[in-house]
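If you want the building blocks of each chain, they are given just below.
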Amino acid sequence: MEPTSNTTEKIIAAIDQQKVTPRPKWYFRVRNTLMWIPGVITTLLGAYTIAGGLYGILHAHWENREYVQYRGPLVFIAIIPLLWIISFALFSLITIALLRKTNTGYRHTALQLLLISVASSIIIGMLFYAMTANSLNDGVETYYRHPTQNQQEYVWNSPTEGRISGVVSATSPTTLTIRAFNGFVWTVDISKLSSAPDPVLLQVGNAVRIVGAITASHSFLACRVLPWELFPAQPSVAESFTGSQQAISCDEILQQYISK
Amino acid sequence: MLQDTGQLSDEAIVIECKKDSEYFALLVDRYVPKLTRYIRRRSLATSDDIEDLLQNIFIKVYRNLNDYDTTLLFSSWIYRIAHNEMIDWYRREKRRATLSLDDDAQDIVTKLMSDDDLTTRFSNEEQKKYIINTLNGLDEKYKEILLLRFFEEKSYEEIADILKIPAGTVAVRINRAKKQLQKKIADYGTNI
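Those sequence lines, one after another, are chains S and E. Heads up, the first sequence is in our numbering, so the first residue is 1 and it goes up one at a time. Heads up, the second sequence is in our numbering, so the first residue is 1 and it goes up one at a time.
There's no promise every hint is true.
Which chain E residues face chain S? A few, computed with CB under 8 Å, are given here [stated by the list, open to error]:
1) 11
2) 32
3) 62
4) 65
5) 66
6) 67
7) 166
8) 172
9) 176
Derived by calculation from the structure, the hints in this document are not laboratory data. Built from N, CA and C at the ideal position, the CB exists for glycine as well.
All chains should be built: construct the whole structure from the sequences, respecting the hints.
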C-alpha cells in the first residue's frame, strides 16, 4: 500500500532509513518475566518473615508467661518478634510498588495488590513454616529461628528475676549442672521441685528453662524445670508424682528469695 | 498485494504487519491525524516538533510491535506510547505541559458544565482565555485525563490502559478535575 499522506511517507522513510525492525518476541517475554522477579522475591521475603513470625508466636511459651515479669502489652513486645512484623509490612509495600510496574499490574488497585501480596506471603510462609519449623537440619529455616531463640534466651537468662536456661551438663538425684546460653555454669538444686519433669528432660545435653531463685553464687534453687523447646509436645508430668516431700511452690520460692 | 484494507481492524493490521511490514503504512495513515490532533491539544509544539514527535512515536510502535498485548485496544496502546513520548518531550524541552485548546474552549464548557446559562456567558475571547488558563492551571494529571476523556473521547477503561492506572483512579481524577474546573468557572461566572 502506498502511503496516503506526506507525513506517512516521511515516517515510513525514516523507519527504512534507520533500518528499524520489530524487536523479537523473546525479548519482550524475557523483559516481562524479569519485571515479575523483584515482586516475586519480595513476596518470598514476606513469606519468610511470616514463617519467622509464626515460629516466634508459636514458640513464645505463653503457658510460662506467669514466670515472666511482663504484663499487658509488654508481653507482646517482649515475646512477639516485632522485627518480623515490621519487615513483613515493608516487603509488602515494596511488592505493591513492583507489581504496579508489571504490564498488567496497573489494572489492580493498591488494595487488591496488597491483598494478593499479603495472601501469597501468608500462604507460602505457612507452607514454608510447616515444612521446615520442626526440621533439625541447619538449613535456611534456622535463620528465621534465631530472633525468637535470642529473644527467649534474653528473657530466660534473668536469674535475679527467677529464670535461668541452658543445657544440662551433669546430673545427680538432687542437682543439675546447667551451662547457661551465656556460658555461665549453675548448680541447680532440684530437691524441692513442685512438679516432676519428664526424666528424659533431665538428661545431659537437653536444653531446659528453670524457674526458681539464686541461693548463692552459681547456685539456684529450682521449683520448676521446663523444656526449652515446646515442640515436640512438652514432656508430661508423671501422674504418680505429687512433688518432692520437701516441695515448696514457686510462689513461695519467688517470695522468699526474690523479694529479699 | 493489500486488498480491502479499509475493512481491517487495527488489531488485524498489527497481525498482518508482523508478516508484511507494508501494512504498517496503514496504521500510520490511520493514526497520523488522530495523534497530530492529540499532540496539538496537549502542547504548544510547532509543526516541526509535531512531525518529530510523530516520527518517534511510530518508530517506537514499529520497534515494539511484538510487545502489543492483544487484550488492549490498539488505539490505547498507541496513545500510551504517544503519552510517554510527550512526557519525554516535555522533559527534553524543559517545558511545563500546556494545553492548546483555542478551538475547543467552548466545547470544554459545554462538556464539563451542565448549566446552559453559564455556557452562554462564555463566548467572548477574554472568557475563552480564562477557561484555557484555568485548564492549564490544573495539575498535569487532571489536564491529561480531561483531554483524553472529553476530546479524544476515550472510555474510562481506555484511559486506564493509556495512563496505566486503575479504572477507579481514572473515575476519581475525572471527578476531581471536573469539580475543580466547575468551581473556578462558576466563581468566574458570578463575578462577571
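Hint check:
no.: 1; hint: 11; result: 16 Å, violated
no.: 2; hint: 32; result: 5 Å, holds
no.: 3; hint: 62; result: 6 Å, holds
no.: 4; hint: 65; result: 4 Å, holds
no.: 5; hint: 66; result: 5 Å, holds
no.: 6; hint: 67; result: 4 Å, holds
no.: 7; hint: 166; result: 5 Å, holds
no.: 8; hint: 172; result: 11 Å, violated
no.: 9; hint: 176; result: 17 Å, violated
Hint check: violations occur at hints 1, 8, 9; the rest are consistent with the structure.
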